[in-house]
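Visitor: Let the hints inform the model, and build the full structure from the sequences given.
Residue numbers (the working numbering), protein chains in the order written: chain A, 1 to 387; chain B, 1 to 259.
Just so you know, the hints here were simulated from the structure itself, not pulled from any lab data. It is possible that some hints are incorrect.
Claimed, not checked - In silico EDC-like links for lysine to aspartate or glutamate, alpha-carbon gap of 16 Å or less: (1) K383(A) <-> E67(B); (2) K15(A) <-> E108(B); (3) K54(A) <-> D84(A); (4) K2(A) <-> D120(B); (5) K15(A) <-> D120(B); (6) K15(A) <-> D142(B).
A quick note: this is a predicted structure, and the numbers were derived from the prediction, not measured.
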Amino acid sequence: MKRQRVLALSGKTLKTIVRQPASLFMAILFPLVLTFVFGASFGGMGGGPEATFKVGIVNLDQGGAGARWPRAFMGNLSSAKVLDLSTYPDNSTGQEDLSKGDIQGLIVIPPNFGEACDSFWKDPDTPGSWVNATVELYLDSGSMLASQAIPPIIQDLLISVVYGRQRSVPRPVRLGLPSLVEARRLTTYDYFVPGLFAFATIFLIMIVAQSFTLDRQRGLLRRIRTTPATPSDVIGAEALSYMVVAAMQVGVVFAVAFAMGFRPAAGFPSIAMAFIIVLVFALCAVGFGLMSASLAKDPGAATGIAFVFILPLMFLGTFVGFAMSAAMRAVQWLVPSWYVTDALTHLFLRGVKPTSLSVLTDLVIVCAWSAGALGIGAVLFGKYGKD
Amino acid sequence: MGGKHGKSPFPLVEPAISVHKLVKKFEDVTAVDGVDIDIAPGELFGLLGPNGAGKTTMLNILAGLLEPTSGSATVGGFDVRRNVANVRELIGVCPQDTAVYDYLTGRENVELFGDLHCIDKAKLRANAKVLLEKVGLSDDADRRVGTYSGGMRRRVNLAMALVHDPDILFLDEPTVAMDPQSRHAVWDFIRELRDRGKTLILTTHHMEEAEVLCDRVGVIDHGRLIALGSPDELKAKFGARDLEEVFIKITGRSIREGA
Numbered sequence: 001m002k003r004q005r006v007l008a009l010s011g012k013t014l015k016t017i018v019r020q021p022a023s024l025f026m027a028i029l030f031p032l033v034l035t036f037v038f039g040a041s042f043g044g045m046g047g048g049p050e051a052t053f054k055v056g057i058v059n060l061d062q063g064g065a066g067a068r069w070p071r072a073f074m075g076n077l078s079s080a081k082v083l084d085l086s087t088y089p090d091n092s093t094g095q096e097d098l099s100k101g102d103i104q105g106l107i108v109i110p111p112n113f114g115e116a117c118d119s120f121w122k123d124p125d126t127p128g129s130w131v132n133a134t135v136e137l138y139l140d141s142g143s144m145l146a147s148q149a150i151p152p153i154i155q156d157l158l159i160s161v162v163y164g165r166q167r168s169v170p171r172p173v174r175l176g177l178p179s180l181v182e183a184r185r186l187t188t189y190d191y192f193v194p195g196l197f198a199f200a201t202i203f204l205i206m207i208v209a210q211s212f213t214l215d216r217q218r219g220l221l222r223r224i225r226t227t228p229a230t231p232s233d234v235i236g237a238e239a240l241s242y243m244v245v246a247a248m249q250v251g252v253v254f255a256v257a258f259a260m261g262f263r264p265a266a267g268f269p270s271i272a273m274a275f276i277i278v279l280v281f282a283l284c285a286v287g288f289g290l291m292s293a294s295l296a297k298d299p300g301a302a303t304g305i306a307f308v309f310i311l312p313l314m315f316l317g318t319f320v321g322f323a324m325s326a327a328m329r330a331v332q333w334l335v336p337s338w339y340v341t342d343a344l345t346h347l348f349l350r351g352v353k354p355t356s357l358s359v360l361t362d363l364v365i366v367c368a369w370s371a372g373a374l375g376i377g378a379v380l381f382g383k384y385g386k387d
Numbered sequence: 001m002g003g004k005h006g007k008s009p010f011p012l013v014e015p016a017i018s019v020h021k022l023v024k025k026f027e028d029v030t031a032v033d034g035v036d037i038d039i040a041p042g043e044l045f046g047l048l049g050p051n052g053a054g055k056t057t058m059l060n061i062l063a064g065l066l067e068p069t070s071g072s073a074t075v076g077g078f079d080v081r082r083n084v085a086n087v088r089e090l091i092g093v094c095p096q097d098t099a100v101y102d103y104l105t106g107r108e109n110v111e112l113f114g115d116l117h118c119i120d121k122a123k124l125r126a127n128a129k130v131l132l133e134k135v136g137l138s139d140d141a142d143r144r145v146g147t148y149s150g151g152m153r154r155r156v157n158l159a160m161a162l163v164h165d166p167d168i169l170f171l172d173e174p175t176v177a178m179d180p181q182s183r184h185a186v187w188d189f190i191r192e193l194r195d196r197g198k199t200l201i202l203t204t205h206h207m208e209e210a211e212v213l214c215d216r217v218g219v220i221d222h223g224r225l226i227a228l229g230s231p232d233e234l235k236a237k238f239g240a241r242d243l244e245e246v247f248i249k250i251t252g253r254s255i256r257e258g259a
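Guide: Set out below in structure tokens:
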């Protein structure tokens, strides 16, 4: 690979994207508009609601000496702004509303809840003397937001009721404050933003596929092959150009999201890691684009084939996946975009360090996907797509 | 000038391009059928023939774009199969169909192809400037090619092949669809290239173009080389007034009727 050739070809691709209205729209304006519209619709700037969850509660511990405990727990639940609480007389009524989607979660306080709490406080250091009780939590499987956010909130409230926040007595297991309690300040838009980064990059597949097919149709690839430029130069240049485009997309999405009220729980290292993950994912998009261009005869067909890659990546691996069925969410791990969204969610929403195992694991998987997709794309294009 | 058996007019000099028993088949179609030609350094050689005769296929083999089915071809002493990278360092190719980037300017298109040959940036800028002047595009050099007329696009197409100052040039129908004025300007430019010692293969189905420009011509029909020599030699040999008549006398049909 020669630097002069790679830079010249990258410059050509970038100029073409910037000067060609359709490419410019898909690469830059589309993510910008999408992020803005989502921000206006669901974010704090647009006056959108903070993320609140409709939760039902069934209290089966109505009487006895320990009745103050369920009342205290329900009081705590009511005071949590993130929860919109409604009470049900029995489990079946609550389950019915949950299955209809009227509520996103249902908490069932067992009949021996108060008794269990009393037994703990009577002899906190002798677990064998405690009465065990289980608070059941049912969640709407169709709501990824609810299923992710509600359990840690309930857990936190439960802990504060049973143990008390200021309790200084040593406990065998210390329970830290779940970080997701921060969800009280998150808007629906905040949950969407990590997926928006992957969403924007996914559409590079279509741009790459169209660009290669058009260049082939116009004899430009064949013409380049009469020069000393090698396939590595050409594909290396494409990879470089689309990484630059992806960096621009990340910058645009981040800037617009920030302007619309998105405040990630992330410092510079986390933002830098997010850039790296999206840039690596851009290589994956180039690989899928090359595969599409290899199979397509013309730019129109390339667009169609590109969507064979775009749709699963989009539906399974971005914010769109929040609304997917449980069955589809069970296969999300099969697409690389999911790991991008997952890593960015860790970094931006959960404040996870960029060197944490979860983020690094996501990065490694995205790297593997990108290397594989780019390699296969290059081989296929070399064999079937260059002429 | 020219030999009767396809030999170079400069027999003591190693040929710039040498083709021996070259065959190219596409499934059951034989596009090039046992062609033998030696072209000397500095020679302007014309490949004549109707559309579909195999001229472009031959150029594509010489440029390393197609693998020959059998036979051999060398360019600048390098085998087109084994040393294609060396061949591509030496050649400039002007394709028949204009292959230009519409969203780049004329100058950017020309400089891009110089960059692909890794020529020095200062030299590249100077070469591009001179070339754009020669093809009459100085005033429009910084306009996007998508806004050019068909003739202007063809002229950029030619300049892109020449920007790295190649020793060997393959010009595939370089003046097709050009107006007479542009065509004559390009002819002058091609003569100038020959005078500077470049080796050129020019494919054309314009008999006049071949007669005016070429030192020797090879007439191809159905992939076979059916005549080889200077335009004057061929006219004398077949008792013809021009190369069109030469073709008719050999094949019994006009060159415009196609292969």
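Visitor: Each hint needs a verdict: does it hold in this structure or not?
Guide: Each hint, compared with the structure:
Distance check on the hinted pair: K383(A) and E67(B) sit about 14 Å apart at the alpha-carbon level, within 16 Å; holds. Taking the CA atoms of K15(A) and E108(B), the gap is about 10 Å. The hint holds against a cut of 16 Å. Between K54(A) and D84(A), the direct Cα distance comes to roughly 5 Å. Compliance with the 16 Å bound is thereby established for this hinted pair. Proximity of K2(A) to D120(B) is assessed by CA-CA distance (about 13 Å); at most 16 Å being required, the pair is judged to hold.
Only pairs whose Cα atoms come within 16 Å are accepted, and K15(A) paired with D120(B) is rejected, the gap being roughly 22 Å. Taken as a hint, the K15(A) and D142(B) pair is honoured in the structure, with Cα atoms around 14 Å apart against an allowance of 16 Å.
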